[in-house]
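Residue numbers (our numbering), protein chains in the order written: chain A, 1 to 557; chain B, 1 to 142.
The reader is advised that the hints may include incorrect statements.
Derived pair list, reagent style DMTMM-like, types lysine to aspartate or glutamate, alpha-carbon separation capped at 20 Å [as the list claims (entries may be wrong)]:
hint, chain 1, residue 1, chain 2, residue 2
1, B, LYS124, B, ASP89
2, B, LYS4, B, ASP87
3, B, LYS4, B, GLU94
4, A, LYS118, A, GLU404
5, B, LYS65, B, GLU94
6, A, LYS312, B, ASP90
7, B, LYS98, B, GLU60
8, A, LYS498, B, ASP87
9, A, LYS312, B, ASP91
10, A, LYS92, A, ASP172
11, B, LYS29, B, GLU68
12, B, LYS65, B, ASP32
13, B, LYS98, B, ASP26
14, B, LYS124, B, GLU94
15, B, LYS58, A, ASP31
16, A, LYS498, B, ASP91
17, B, LYS65, B, ASP26
18, B, LYS58, B, GLU18
19, A, LYS312, B, GLU60
20, B, LYS4, B, GLU22
21, A, LYS548, A, ASP31
22, B, LYS124, A, ASP49
23, B, LYS58, A, ASP33
24, B, LYS29, B, ASP102
25, A, LYS312, B, GLU94
26, A, LYS498, B, ASP90
27, A, LYS498, B, GLU68
28, A, LYS548, A, GLU241
29, B, LYS4, B, GLU60
30, A, LYS498, B, ASP89
31, B, LYS124, A, ASP172
32, A, LYS312, B, ASP89
Hints in this document: simulated from the structure, not taken from any laboratory. Note that the structure is a prediction, hence the values are computed from the model and not measured.
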Amino acid sequence: MANQTNDDKPQEPQQGSEGIPAPEGAANLIDTDYVIGQDNITASPMGIDVDLHGKVFIFSSIVILLFVILTLALQDQMEPIFNATFTFLTTKLSWVFLLGANVFVILALVLIFTPMGKVRIGGANATPDFGYAGWFAMLFAAGMGIGLMFYGVSEPLGHYGTAMGGITMGEDGLRTDWAPLGGAEGDQQAAISLGMAATIFHWGLHPWGAYAIVGLSLAIFAFNKGLPLTMRSIFYPILGERIWGWPGHVIDILAVFATLFGLTTSLGLGATQAAGGLNYLFGIPAGNTTLVLLILGITIVALGSIMLGVDKGVQRLSQLNMGLALLLLVFVIAVGPTLMIATGVLENLLGYVKNLPALSMPFGREDANFSQGWTAFYWAWWIAWSPFVGMFIARVSRGRTVREFLIAVLVVPTLASVVWMTAFGTTAIDQVVSSGITEVQDAALELQLFTMLEYLPLTAITSFVGIVLVIVFFVTSSDSGSLVIDSITAGGKVDAPKPQRIFWALIEGALAIALLLGGGLAALQTAALTTGLPFTIVLLVGCYAIVKGLMSEPKAK
Amino acid sequence: MYRKIMVPVDLAHLRVIEPALETVADLAKHYDAEVCYVGITANTPGSVARTPEEFTQKLEAFAQKRAEVHGQPVSTHTIVSPDPIADLDDDLIEAIDKVGADLVVMPTHPPKHLDVIMPSHGGKVATHTTASVFLVRPGAGD
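Next comes chain A alone, as it looks inside the complex (with noise of 0.2 Å):
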């Protein structure tokens, strides 16, 4: 049986493993006789070429396909079991997911300073595919995007809000309170500084901590080891050549379903929040006829997007995203409480290093609603995601250092989410506490980041700018999630025809209407969350790959 090989001196270039010469430059291939896409079925019906791994697409059309039916015609039934699951692995597993998290940004950040930092990504000459400015927008639009237009106004004053509450106890002698930690019970300004610390824990280090295990670890085992750019490939060292079998083709199954239910339920309730933001803004009516117009609007710029390609489509979008994105934090730092911000960005990033252990505490937690609630969910959120947005960044980080792409997969994103959740953060709460403004609180969720514009100058053209960066982050997500499900369906090819992918956008679009219509959206986008638990093994699993894959590889020079 074949093995890894683990030779301290890997060969230069030529000989990698029988006569298969390495990648660009010193690498150390993985010796296998399985060809990729040997399990593939390929056929044309009426003309159009199909490349799918048969297993792979069989079976998780199937479970797709149940789960949908399932939770369209018993949706009384099956939300309750969903929500029970999940409710269930957030309370009395949540030391999982906020164990795991913490293994993977320890591991992350300890790569970035170790002699392996040095290896690089598809072979010592290897050179990047992309430029600094495609590759960091793309990263950043696959991996959070939407939710800081929805949770960059919106946490800071709930955590604000909560912590100025204090701690209530209930008859029972637990915590009724939703406030982080041991709260700041009418202490403004310590308020202020919790709620921030705890609003950045939960988008800075640890959510691009699990992205950038999942990435660094496919990116090592495809562009080093020669392995397909599925999720299977990171139990290589783990199960060998077993990989190629059923536990291989159950990984690659619920990566499949995390991705597809996850992209599939945001899109319906992304699209119900757009439309709720038209409506006040525009006063377009927020009907079903809006939403499906909405999502179908979606699905068409993201099959445009997708059949370009990754360069001319998807890169393009994510700049576009970037540019806009950078444009609305420019002007709400300019016409908001700018000093405040300025000095607010340094004081949020020390009050959440200074907060980090406390926050990241797995055992003995008192706060228990928020702990649970709130960091148990999102990790469960994130971890869920990785697969996706881990394959993606991926695909993308040929050519860069391991010290290049955890600087920029780790460090960099939680920076600018610092400064992002700061500015519209602090400029929210100042509303509250300077002026007063008590309508920002009372809105709704997807409306509070409007609600928020209205009190700045320009209203009308910033609420615009906000309602298409909604929009375009949501195809953005689409179209990379596309080309992840197509690959990971596809074997790990990626160059299997084009109506594949087109196939999997279309599938997209059309189960978030039928959620949409049928209800049970937030429903499966409950199961898709489930998926966090296994994915926080896969991920355990991922982190043993990544330093067993790395010790074996040559360092860039």
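Following the hints, put chain B in place on chain A, whose structure we already have.
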């Protein structure tokens, strides 16, 4: 009349492009032209090769085998793309200038309704280059 013929080849589907390869062999002999075989590969591991370098090796080996058939000088050019399916047309058009070809011979499928949404690669290349383009249908000469 023609000095260098560029032939885009899909190493995963050699059987399908056989008619095009025969056409190239005859044309090359007739015009005493050099043949440049161009292959496009994803930067991720794929079915033909697990690294771009392995792909280049296989393309080179393929070109040498074709040289034995037609006896004309051969060369190769490998295109590595992050998204070959989407970038194929543009990359091929760029490659025509890069390798300095004055004739492109490439296999294509018969026209179909789907072409409105997804134009054939051959058709797209032909409309965007100054070089002559010869599209060979599958089963040509049968």
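Hints versus structure:
Distance check on the hinted pair: LYS124 of chain B and ASP89 of chain B sit about 7 Å apart at the alpha-carbon level, within 20 Å; holds. Taken as a hint, the LYS4 of chain B and ASP87 of chain B pair is broken in the structure, with Cα atoms around 23 Å apart against an allowance of 20 Å. Between LYS4 of chain B and GLU94 of chain B the alpha-carbon distance is near 15 Å, which keeps this suggested pair within the 20 Å criterion. Distance check on the hinted pair: LYS118 of chain A and GLU404 of chain A sit about 9 Å apart at the alpha-carbon level, within 20 Å; holds.
Taking the CA atoms of LYS65 of chain B and GLU94 of chain B, the gap is near 26 Å; set against the 20 Å cutoff, the hint is violated. For the proposed pair LYS312 of chain A and ASP90 of chain B, the alpha carbon gap of about 11 Å is at most 20 Å, so the pair holds. A threshold of 20 Å between alpha carbons decides the hint, and for LYS98 of chain B with GLU60 of chain B the separation of about 18 Å falls inside it, so the pair holds. Distance check on the hinted pair: LYS498 of chain A and ASP87 of chain B sit about 11 Å apart at the alpha-carbon level, within 20 Å; holds.
Restraint check for LYS312 of chain A and ASP91 of chain B: the C-alpha separation of about 12 Å stays at or below 20 Å, so the hint holds. With a C-alpha separation of about 18 Å, the suggested pair LYS92 of chain A and ASP172 of chain A falls inside the 20 Å cut-off, and the hint holds. Note on LYS29 of chain B and GLU68 of chain B: the hinted pairing holds, with a Cα-Cα distance of about 12 Å set against a maximum of 20 Å. Taken as a hint, the LYS65 of chain B and ASP32 of chain B pair is honoured in the structure, with Cα atoms around 18 Å apart against an allowance of 20 Å.
Using a Cα cut-off of 20 Å, the hinted pair LYS98 of chain B and ASP26 of chain B is violated, with the two alpha carbons roughly 24 Å apart. For the proposed pair LYS124 of chain B and GLU94 of chain B, the alpha carbon gap of about 13 Å is at most 20 Å, so the pair holds. A distance of roughly 18 Å separates the Cα atoms of LYS58 of chain B and ASP31 of chain A; the hinted pair therefore holds under the 20 Å criterion. Of the supplied pair hints, the one linking LYS498 of chain A and ASP91 of chain B holds, its CA atoms being roughly 16 Å apart against a limit of 20 Å.
Restraint check for LYS65 of chain B and ASP26 of chain B: the C-alpha separation of about 15 Å stays at or below 20 Å, so the hint holds. Proximity of LYS58 of chain B to GLU18 of chain B is assessed by CA-CA distance (about 17 Å); at most 20 Å being required, the pair is judged to hold. At roughly 30 Å between alpha-carbon atoms, LYS312 of chain A and GLU60 of chain B are farther apart than 20 Å, so this suggested pair is violated. Restraint check for LYS4 of chain B and GLU22 of chain B: the C-alpha separation of about 16 Å stays at or below 20 Å, so the hint holds.
Among the hinted pairs, LYS548 of chain A with ASP31 of chain A is consistent with the structure: their alpha-carbon atoms are about 15 Å apart, no more than 20 Å. For a cut-off of 20 Å, the pair hint linking LYS124 of chain B to ASP49 of chain A stands: about 19 Å separates their Cα positions. For the given pair, LYS58 of chain B sits about 17 Å from ASP33 of chain A by alpha-carbon distance, which is consistent with the 20 Å threshold. In summary, the hint linking LYS29 of chain B to ASP102 of chain B is supported, as the alpha carbons are separated by about 15 Å, within the 20 Å threshold.
Pair hint LYS312 of chain A plus GLU94 of chain B holds up; C-alpha atoms about 15 Å apart against a cutoff of 20 Å. Distance restraint check for LYS498 of chain A and ASP90 of chain B: the Cα-Cα separation of roughly 16 Å lies within the 20 Å cut-off, and the hinted pair is therefore satisfied. The suggested pairing of LYS498 of chain A with GLU68 of chain B is violated, with an alpha-carbon distance near 35 Å, which exceeds 20 Å. Note on LYS548 of chain A and GLU241 of chain A: the hinted pairing holds, with a Cα-Cα distance of about 16 Å set against a maximum of 20 Å.
Proposed proximity of LYS4 of chain B and GLU60 of chain B is supported: the alpha carbons are some 17 Å apart, at most 20 Å. Distance check on the hinted pair: LYS498 of chain A and ASP89 of chain B sit about 13 Å apart at the alpha-carbon level, within 20 Å; holds. Taking the CA atoms of LYS124 of chain B and ASP172 of chain A, the gap is about 72 Å. The hint is violated against a cut of 20 Å. Our distance criterion of 20 Å between C-alpha atoms is met by LYS312 of chain A and ASP89 of chain B, whose separation comes to about 13 Å.
Taken one by one, the earlier hints fail for this structure at numbers 2, 5, 13, 19, 27, 31, listed in ascending order.
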